[in-house]
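Undergrad: Each chain, letter by letter, is given below.
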Amino acid sequence: MDLLKRLSYHVLSNNFIKAGKGSSDIKSNLKSIGIDSDILRKIAIVCYEAEMNIVIHSLGGNLHCDIYEEKIVILTEDIGPGIPDIELAMTEGFSTAPDSVRELGFGAGMGLPNMKRYSDIFEINSSIKGTNIKMTILL
Amino acid sequence: MNAKDFAEKLNLDILVKNENELNIEGVYIGDLLSIVMSKAKKNYTWITIQTHMNIMAVAELLDLSCIIVVEDMEVEEDALIKADELNITVFKTKESAYEVACKLCKLGIK
Ligand SMILES: Nc1ncnc2c1ncn2[C@@H]1O[C@H](COP(=O)(O)OP(=O)(O)O)[C@@H](O)[C@H]1O
Ligand SMILES: [Mg+2]
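First to last, the protein sequences are chains U and D. Going by my numbering, 131 is the number at position 131 of the first sequence; the sequence numbering is gapless. Going by my numbering, 38 is the number at position 38 of the second sequence; the sequence numbering is gapless.
For the record, the hints were derived by calculation from the structure and aren't laboratory data. What you are looking at is a predicted structure, and each value in this text was computed from that prediction instead of being measured. Among the hints, a few may not be true.
Said to hold, decoys possible - Under 10 Å between C-beta atoms, here's a sample of chain U residues computed to sit facing chain D:
1. D2
2. R6
3. S8
4. Y9
5. S13
6. I17
7. S28
8. G34
9. S37
10. L40
11. I45
12. G60
13. G107
14. M110
Said to hold, decoys possible - Covered stretches of chain D, going by a simulated chain U footprint (3 or more residues, C-beta under 8 Å):
15. 3-14
16. 31-39
17. 52-58
Glycine included, C-beta positions come from ideal geometry on N, C-alpha and C.
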């Protein structure tokens with residue numbers, strides 16, 4: 001039940017050079033404590049999708065990984081502009097990503113669906129002040 | 001398999017080579033990163049026309065075996081630096097994804 005460790009990263013808006021660094025670091029930390037490779041894959045997927053959404057769609061935010069004995073919790077918070085219609089945003093294929101980003105292979109509209117699919121518990125809250133996501137992966 | 005032998009068999013150029021032997025257990029072809037994230041698995045080779053540095057993060061996160069860039073796409077310099085840093089083997093070829101996939105199939109990689 002007790003939080004064993006928290007890893008935290010700043011995620012910058014529109015910075016495609018640093019993008020993915022937090023997810024990579026989380027993955028290598030979890031690998032080093034012996035997390036199973038199938039679980040690691042799920043965490044890598046949800047982390048990367050969440051991190052890239054902050055880069056692409058938000059004004060910037062943070063990514064955290066909370067490590068517990070029995071679960072890993074990935075949390076993100078950003079500073080807006082938020083998601084006006086969460087249900088619509090969760091639809092497979094829905095994306096507001098600009099063409100410049102689509103050219104890089106982002107903007108398939110599968111990020112939020114992937115986050116939901118590969119986490120055991122997926123929670124999202126959003127307002128114009130920002131978006132908060134909490135994804136729990138049970139060990 | 002050794003990366004050099006693999007490159008010779010498939011007629012690929014080696015852009016970045018890590019020190020490990022190649023262990024290829026599957027193949028995924030795609031250019032949309034979210035779909036690759038959900039479909040490609042550990043030790044898969046990834047065939048793509050994407051050439052920017054973010055593909056290296058994807059390969060690293062998924063523990064992919066290697067990346068094969070097809071259609072003679074020019075891989076960006078900073079992407080190659082990133083691949084080297086993350087220890088990811090990257091090949092390129094003039095051939096299409098389909099041609100490469102056929103050859104992989106003939107090698108017994110399915
Ligand atoms: N952190 C966020 N802040 C604002 N909008 C977001 C955020 N995350 C997702 N969205 C919105 O939800 C849509 C769907 O997200 P996603 O499924 O990840 O697809 P994609 O990133 O490929 O567009 C995005 O196009 C965007 O409009
Ligand atoms: Mg996304």
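Undergrad: Check the structure against each numbered hint from earlier and tell me which ones fail, lowest number first.
TA: Hints 1, 2, 3, 4, 5, 8, 12, 15 not satisfied by this model.
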